[in-house]
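Asker: One letter stands for each residue in the lines below.
Protein chains: 2
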Amino acid sequence: MRSTAGEPTGRAAAIRTVAAGGERAPYDRAMTRPTAGGGIPPELARLRSSIDNIDAALVHLLAERFKATQQVGELKAAHGLPPADPGREERQIARLRVLAHDAGLDPLFAEKFLNFIIAEVIRHHEAIAGAANPPA
Amino acid sequence: MRSTAGEPTGRAAAIRTVAAGGERAPYDRAMTRPTAGGGIPPELARLRSSIDNIDAALVHLLAERFKATQQVGELKAAHGLPPADPGREERQIARLRVLAHDAGLDPLFAEKFLNFIIAEVIRHHEAIAGAANPPA
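One line per chain: the protein sequences are A and B, in this order. With full-length UniProt numbering, the residue at position 77 of the first sequence is 77, and numbering never jumps. With full-length UniProt numbering, the residue at position 98 of the second sequence is 98, and numbering never jumps.
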């Protein structure tokens, strides 16, 4: 088990939702094991365990993606390039629609997903550009 | 190179955005290579190439996730369980917030992301439940 002593306050903030609700610690490996007595079908527990693993992978990939776009934002600010790049976004969406189709994912959902991510990235880039060029 | 002859029409539909705009084929591996003469800094091209690789991984993981939730939806419909499960969702969000914090991703964004995915999943589950129990 992992000790909670000396954890940064950010981590405490991340789990505040749970503490407020009086629930058990959220990052409990046992949570993703099939629930023996939880009253749900074993097949459902097995699928949920896979979903939890996929979600952990998604979160870690998203963390890497934002590390890359953070660098992109700093580069764009340094070169005076605009935060948004409609041509690039159009090509990204078109490519992901094809990848999604080939992987059996709804291409429209892939497009919505990328737009959701890009909106967050542009918000970050605007913050970076604003910090680099504060209003006079 | 991959031949486009005999591709299913769904693939053609997936790339219609590009065809309509007169752009080049969207799934072009060269697109993710650093652009020598594109007028963008080489470091930006390198970062974009990594972002494109991460996005392809995200799309494939999402495809797997929806395959799992599709099965969950069918199981729930078969057992008469409701499409949404607020307790499960609360635990998923709390866990992902902690994982996000540890990975350097904004926990609030991780929560928004999961809500975005869950909204789509519930939409699928409701469609499955509706198909299993058509209105009389």
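The hints are simulated quantities; they were obtained by calculation from the structure and are not laboratory data. It is possible that part of the hints are untrue.
Any copy will do: because identical chains look the same in the list, a pair fits if it lies in one copy or spans two.
Pairs of lysine to any residue residues, derived as SDA-like cross-links and limited to a Cα-Cα distance of at most 25 Å, are as follows [unchecked claim]:
1) Lys67 with Ala131
2) Lys67 with Ala77
3) Lys112 with Gly80
4) Lys112 with Ala78
5) Lys67 with Ala127
6) Lys112 with Glu43
7) Lys67 with Glu126
All values derive from a computational prediction rather than experimental measurement.
Asker: Each hint needs a verdict: does it hold in this structure or not?
Answerer: Here is what the structure says about each hint:
no., hint, result
1, Lys67 with Ala131, "within (18 Å within a copy, 42 Å between copies)"
2, Lys67 with Ala77, "within (16 Å within a copy, 40 Å between copies)"
3, Lys112 with Gly80, "neither (28 Å within a copy, 30 Å between copies)"
4, Lys112 with Ala78, "neither (30 Å within a copy, 30 Å between copies)"
5, Lys67 with Ala127, "within (15 Å within a copy, 37 Å between copies)"
6, Lys112 with Glu43, "neither (30 Å within a copy, 28 Å between copies)"
7, Lys67 with Glu126, "within (16 Å within a copy, 36 Å between copies)"
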